[in-house]
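**Q** Whenever a hint applies, use it, and build me the whole structure from the sequences.
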Amino acid sequence: MKVELLELEGDRIRFLLSGATMAFANGIRRVCMAEVPCLAIDEIALYDNTSVLFDEQIALRIGLVPLKAENLDTFARPEDCECGGQGCPGCRVDFILSVEGPGMVYSRDIHFTDPGVTAAFDNIPLVVLGEGEKLVIEGFATKRIGSDHAKWNSGTLCGYKSLPSIEISGACNGCGKCVKECPRQALIQDEGGRAKATNTLNCSLCKLCIEVCEAGAVKIIPILDSFVMTAESSGEMPAKELVASASQEIRKRAVEFEAKLAELS
Amino acid sequence: MAYRCTRCKKTVEVDYEYSGIRCPYCGHRILMKERPTTVKRLKAV
Numbered sequence: 535m536k537v538e539l540l541e542l543e544g545d546r547i548r549f550l551l552s553g554a555t556m557a558f559a560n561g562i563r564r565v566c567m568a569e570v571p572c573l574a575i576d577e578i579a580l581y582d583n584t585s586v587l588f589d590e591q592i593a594l595r596i597g598l599v600p601l602k603a604e605n606l607d608t609f610a611r612p613e614d615c616e617c618g619g620q621g622c623p624g625c626r627v628d629f630i631l632s633v634e635g636p637g638m639v640y641s642r643d644i645h646f647t648d649p650g651v652t653a654a655f656d657n658i659p660l661v662v663l664g665e666g667e668k669l670v671i672e673g674f675a676t677k678r679i680g681s682d683h684a685k686w687n688s689g690t691l692c693g694y695k696s697l698p699s700i701e702i703s704g705a706c707n708g709c710g711k712c713v714k715e716c717p718r719q720a721l722i723q724d725e726g727g728r729a730k731a732t733n734t735l736n737c738s739l740c741k742l743c744i745e746v747c748e749a750g751a752v753k754i755i756p757i758l759d760s761f762v763m764t765a766e767s768s769g770e771m772p773a774k775e776l777v778a779s780a781s782q783e784i785r786k787r788a789v790e791f792e793a794k795l796a797e798l799s
Numbered sequence: 380m381a382y383r384c385t386r387c388k389k390t391v392e393v394d395y396e397y398s399g400i401r402c403p404y405c406g407h408r409i410l411m412k413e414r415p416t417t418v419k420r421l422k423a424v
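The listed protein sequences correspond, in order, to chains A and B.
Mapping of the first sequence onto the numbering used here: residues 535 to 799, in sequence order.
Mapping of the second sequence onto the numbering used here: residues 380 to 424, in sequence order.
No lab work stands behind these hints, which were simulated from the structure alone.
For every residue, glycine included, the Cβ atom is placed at its ideal position computed from N, Cα and C.
The reader is advised that the hints may include incorrect statements.
[As the list claims (entries may be wrong)] Dumping the calculated SDA-like pairs for lysine to any residue here, alpha-carbon to alpha-carbon at most 20 Å: (1) A:K695 x A:S781; (2) B:K422 x A:R678; (3) B:K422 x A:D628.
[Stated by the list, open to error] Stretches of chain A that chain B covers, calculated by requiring three or more beta carbons in the stretch to come under 8 Å of a beta carbon on chain B: (4) 569 to 577; (5) 590 to 602.
**A** Set out below in structure tokens:
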């Protein structure tokens, strides 16, 4: 298996995975989306809400705020915690939000008791408060996974495509139609006017070039063991850490599965 | 259960035995239910 980094930009990573099966690439994608644990606000206690929004709507909005934790590994999932899910500093982080209008309530107004935990983006608007309106909320955040609820999704945009191999046969008459048709600029014309593949990583396998080529000279074959993978985190962790955590999660499950099998025999 | 008259802003107790709703101070017929003083616990979903 080979991994080649194509692009890394904070929350977004793009890499070429070669020598792996599609099932493995899909496994990485699925785990990135729904199995990497992260923090999200779980329950709230409303002391005062004189804003225009219903309590339930505020609860929904506050729950969807992505949270960043410097010490995420120190937290346990409530069901795995020593307290048995009752709630302790090992599995939950308390917060308070107390704002009086007029003005907009932003995600930065959520103050956690643990200084290492903050909102991933400090400018997420929650509600507009008018003159004299108040919002006082207390609550706690827990560490869970995306399959429990979408608010614990660490990865937002995760996907992959097969790496294409673009072949131009000798039948190419140099009409240039395929070059004009390609929306991703994966083809150019060489000195002789013949089409030539230039940036195969950009090719989305739409096959428009095959449709317009009257001579039937273009062939696009997906390479079955190479994948261009893209992962974007919701801001809770850098994208590289997200993919690393996903592979650790797969490993953990494989080890657990192995242990269960050993118990059977 | 406490209600508040939208015109005179006074807290009003509603007499459930009387068929209509009316503010005993100003006679206004639109009353607002006050938010309970208890803490409301919700799942953030």
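**Q** Tell me whether the statement that chain B covers the segment 590 to 602 of chain A is true, taking a Cβ distance below 8 Å and needing three residues at minimum.
**A** Since 5 is at least three, the answer is holds.
**Q** For a C-alpha distance cap of 20 Å, please report whether K422 of chain B and D628 of chain A respect it.
**A** Answer holds: K422 of chain B to D628 of chain A is near 14 Å, not above 20 Å.
**Q** Do at least three Cβ atoms from the segment 569 to 577 of chain A come closer than 8 Å to Cβ atoms of chain B?
**A** holds (count 4)
**Q** Against the 20 Å threshold, does the CA-CA distance of K422 of chain B and R678 of chain A hold or violate the hint?
**A** holds (14 Å)
**Q** Take a quick look at whether K695 of chain A and S781 of chain A sit within 20 Å of each other, Cα to Cα.
**A** holds (19 Å)
Consistency note: the structure conflicts with none of the earlier hints.
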